[in-house]
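Whenever a hint applies, use it, and build me the whole structure from the sequences.
So the protein lines, in turn, are chains F and E.
Quick note: the first sequence, position 42, residue 42 per my numbering, numbers continuous.
Position in the second sequence (from 1) plus 1000 gives the number in my numbering.
Honestly, the hints are just simulated from the structure, not real lab data.
One thing to keep in mind: the hints can contain errors.
[Said to hold, decoys possible] Keeping only pairs whose Cα atoms sit at most 20 Å apart, straight-line, the calculated SDA-like set for lysine to any residue is: (1) E:1167 / E:1115; (2) F:52 / E:1130; (3) E:1008 / E:1031; (4) E:1167 / F:53; (5) E:1052 / F:110; (6) E:1052 / F:39.
From a predicted model like this one, the values you see are computed outputs, not experimental measurements.
Number of protein chains: 2
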Amino acid sequence: MSQGKNMKVYLAGPEVFFANGETLIQRKRALTLQYGFHPNIWMGDAEIPDDKFGSGLYISAANEVVMRDSDFVIANITPFRGFAADVGTSFELGFMCALNRPAFAYSNDPRHYEERIAGHFGGTLAVREDGVFRADDGQMVEYHDMADNLMLDGGIAARGGIVARPKSGPLLPADDLSMFEECLSAARRFFDGKSQ
Amino acid sequence: MSQGKNMKVYLAGPEVFFANGETLIQRKRALTLQYGFHPNIWMGDAEIPDDKFGSGLYISAANEVVMRDSDFVIANITPFRGFAADVGTSFELGFMCALNRPAFAYSNDPRHYEERIAGHFGGTLAVREDGVFRADDGQMVEYHDMADNLMLDGGIAARGGIVARPKSGPLLPADDLSMFEECLSAARRFFDGKSQ
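Encoded structure:
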């Protein structure tokens, strides 16, 4: 038995916002257990304050407690409402990286960040006169063959994790959890290797 | 002299991507000095690897070093290429919150997150049949009177920081640094209070 068997994982992602979010979250937790990990969740949801701002603070604080209590993180960084990962998920990934916990992420989008931006601007990304890779809006575009901003991909790589993405083809639907499973599988190897 | 005089601040934000980014970054550093803080920057940029992926890893690691070496963070969470903050900035905010460093943020957008989403969907946000506040795309919308995702606003509030925003009116232009100065001013009070 590897020590990984009792490892607690923080499942970060925007599923809570999805119309079918609860189903998806339950499926992710069940898969997590199948790979021998404990999906760490917050058990104290009976006391959420009534006011809008206060309830936000309360949920934030609770999530921070669960993160500190987790051994590693698997983050869904599939673009959410735009080109990039959900910002709450990105915050949580940074939080776990600062604690030096192993970090894994997946995106159901096969494209690099720069490919997504190029798609939006009609493929007009180019190195401009100033030598910088810019989109038609004049803004620089990161060009690192990464799934998203270099802080996310870089923080994960520095801690031995992976960013799982489809090798090619279309964006996978939100309820396709094959990339999530690639993370579970990689985490399994990571912790088994450490404990042998 | 307060101990805050020598405090190092990590200036997180998407300015590096802006067409006028370098000018803006220099202005922010100058203002930071005026408020008695040291704008912490990475001094080792002579060795960035040539390859795309490797250079991303290198910059990520360097930014992490500067963050750990900083006493607090001021993050520009003005929406970037969409509805929400830049994900790199969000990662960095989470990173600094995990280290329990005081965190401040500003947005040049006066609107709550839910107001921005409502604007995009033609004002059709509503509590749906299932009792959940959703946009027309069926996705839940956070409704906490916060500038962005509750992890960002919540993490900042928990560490005594503020999220500065215009009280009303239009989105301030990117080169308007009045909200940034509100953060500097709040940080000044925060550290002076602590050291008196």
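Okay, the hints, checked on the actual structure:
For the proposed pair residue 1167 (chain E) and residue 1115 (chain E), the alpha carbon gap of about 14 Å is at most 20 Å, so the pair holds. Between residue 52 (chain F) and residue 1130 (chain E), the direct Cα distance comes to roughly 18 Å. Compliance with the 20 Å bound is thereby established for this hinted pair. Proximity of residue 1008 (chain E) to residue 1031 (chain E) is assessed by CA-CA distance (about 13 Å); at most 20 Å being required, the pair is judged to hold. Of the supplied pair hints, the one linking residue 1167 (chain E) and residue 53 (chain F) holds, its CA atoms being roughly 17 Å apart against a limit of 20 Å.
The straight-line distance between the Cα atoms of residue 1052 (chain E) and residue 110 (chain F) is roughly 18 Å, inside the 20 Å bound, and the hint therefore holds. Our distance criterion of 20 Å between C-alpha atoms is broken by residue 1052 (chain E) and residue 39 (chain F), whose separation comes to about 35 Å.
Checked against the numbered hints above, the structure violates only hint 6.
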